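> Using the sequences and the accompanying hints, generate a full structural model.
As you go down the protein sequences, you meet chains A and B in turn.
Number 1327 marks the last residue of the first sequence (the numbering used here); no jumps.
Number 121 marks the last residue of the second sequence (the numbering used here); no jumps.
Keep in mind that the hints were calculated from the coordinates and are not lab data.
A couple of the hints might just be wrong.
As a list, the in silico EDC-like pairs of lysine to aspartate or glutamate whose alpha-carbon atoms are at most 16 Å apart [said to hold, decoys possible]: (1) K84(B) to E1288(A); (2) K84(B) to D1250(A); (3) K1214(A) to D1168(A); (4) K84(B) to D48(B); (5) K84(B) to D1285(A); (6) K1252(A) to E81(B); (7) K114(B) to E1178(A); (8) K1214(A) to E1178(A); (9) K84(B) to E1256(A); (10) K114(B) to E1185(A); (11) K114(B) to D1146(A).
The model shown is predicted, which means the values in this text are computed figures rather than measured ones.
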Amino acid sequence: MKMKRPLAHGKDKAPPSALDPAQWVQLHGDALFGFAILRVRDREVAEDLVQECLMGAYEARHRFTGEAAERTWLTGILKHKIIDHLRKQSRRQSTETLSDQALGEAHFDGRGHWVGRSSTWNGDPKALIENSEFQATLAGCIAALPDKLATTFILREIDGVESEEVCTILGITSTNMWARIHRARLSLRRCLETKWFRESE
Amino acid sequence: MTAAAVTYAAGDGRTGMFEFFKLLNARCEDHARLISLSMDHSLTRSQRLAIKIHVLYCKACRRFKHDAHMMRETIKMGCGQCNEFPKAKETSLSPEAADAIAASLKARMSDDQ
Chain A
1127 MKMKRPLAHG KDKAPPSALD PAQWVQLHGD ALFGFAILRV RDREVAEDLV QECLMGAYEA
1187 RHRFTGEAAE RTWLTGILKH KIIDHLRKQS RRQSTETLSD QALGEAHFDG RGHWVGRSST
1247 WNGDPKALIE NSEFQATLAG CIAALPDKLA TTFILREIDG VESEEVCTIL GITSTNMWAR
1307 IHRARLSLRR CLETKWFRES E
Chain B
9 MTAAAVTYAA GDGRTGMFEF FKLLNARCED HARLISLSMD HSLTRSQRLA IKIHVLYCKA
69 CRRFKHDAHM MRETIKMGCG QCNEFPKAKE TSLSPEAADA IAASLKARMS DDQ
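Below, the structure is given as structure tokens:
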């Protein structure tokens, strides 16, 4: 796994200064829940994962180095719980075929030409992402993606998991993954176009 | 390029000049797929060349290429809000779940005391 594992290092550092397990649910519960539900798309599962995360974090509390903020540390643990969950889920599901490619809205007509006109995207990515309204719009568009597309896209593009790792976690072929990411891109682009770039012109 | 990528990109697995000429006539839909693929996987030389030529005259694909890269770059800058479920939808633990989790944590903590 290529992701940083916050649990794995720094046992020899000074004892944690700022962990306050009694306050975790109140301070971080909703944020962790939001992080989880965006990725697993099921309220009950997300709530279970938050519980697993906090219980696990409590057991591992002596490994908290204070290098990261409490929230960041907990989120790192949650990330691993989510990936474990997705992995188990993919084992339960039968292997998918390309057929889930057929779902989703049309971006091309029968002759393979683009449908609809696109507005021009301009602006600097840095300036865009610093705009909290844009972030909210982007987050909304990601949340609106169909479940499978969202999970795949988030793992790859937001969590930065390597391609092969994404395939293993989700139990899909690379062909399937490329198709999902491509469709996610097409959908996100259309969503941002309607909700952001067109309006801001 | 891996076999899987060749099949995904070209359909019939042929590469080289044949692929190049075929791609020159390919539809925007196929070019868009290749553009996306190129962001995750290396393309063959003829695929890269075919895209280059296609986007010279196809504004829609040129825009897609630009937008897809811009989207990736923007997201890479770190979208904090993308890690929260948008406010309008389910965004918080249900009170029952919050209580249950707090209770199990508390129980676990009192074991230690």
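> Between the alpha carbons of K1214(A) and E1178(A), is the straight-line distance 16 Å or under?
15 Å, holds
> Sort out whether D48(B) lies within 16 Å of K84(B), counting only the CA atoms.
15 Å, holds
> Taking only the CA atoms, is the gap from K84(B) to D1285(A) under or equal to 16 Å?
With a Cα-Cα distance of about 9 Å, the restraint between K84(B) and D1285(A) holds, given a limit of 16 Å.
> Straight-line Cα separation of K114(B) and E1185(A) no greater than 16 Å?
13 Å, holds
> Is it true that the CA of K1252(A) sits at most 16 Å from the CA of E81(B)?
Given that 16 Å is the threshold and the Cα spacing comes to 9 Å, the pair holds.
> Hey, K84(B) versus D1250(A), does the alpha-carbon distance stay inside 16 Å?
Holds, because 13 Å separates the two Cα atoms, which is no more than 16 Å.
> Does E1256(A) lie within 16 Å of K84(B) when you go C-alpha to C-alpha?
12 Å, holds
> For a C-alpha distance cap of 16 Å, please report whether K84(B) and E1288(A) respect it.
14 Å, holds
> Is it true that the CA of K1214(A) sits at most 16 Å from the CA of D1168(A)?
15 Å, holds
> Taking 16 Å as the top limit, are the C-alpha atoms of K114(B) and D1146(A) close enough?
12 Å, holds
> Holds or violated: K114(B) and E1178(A), Cα atoms, limit 16 Å.
14 Å, holds
Going through the hint list in order, the structure satisfies each hint without exception.
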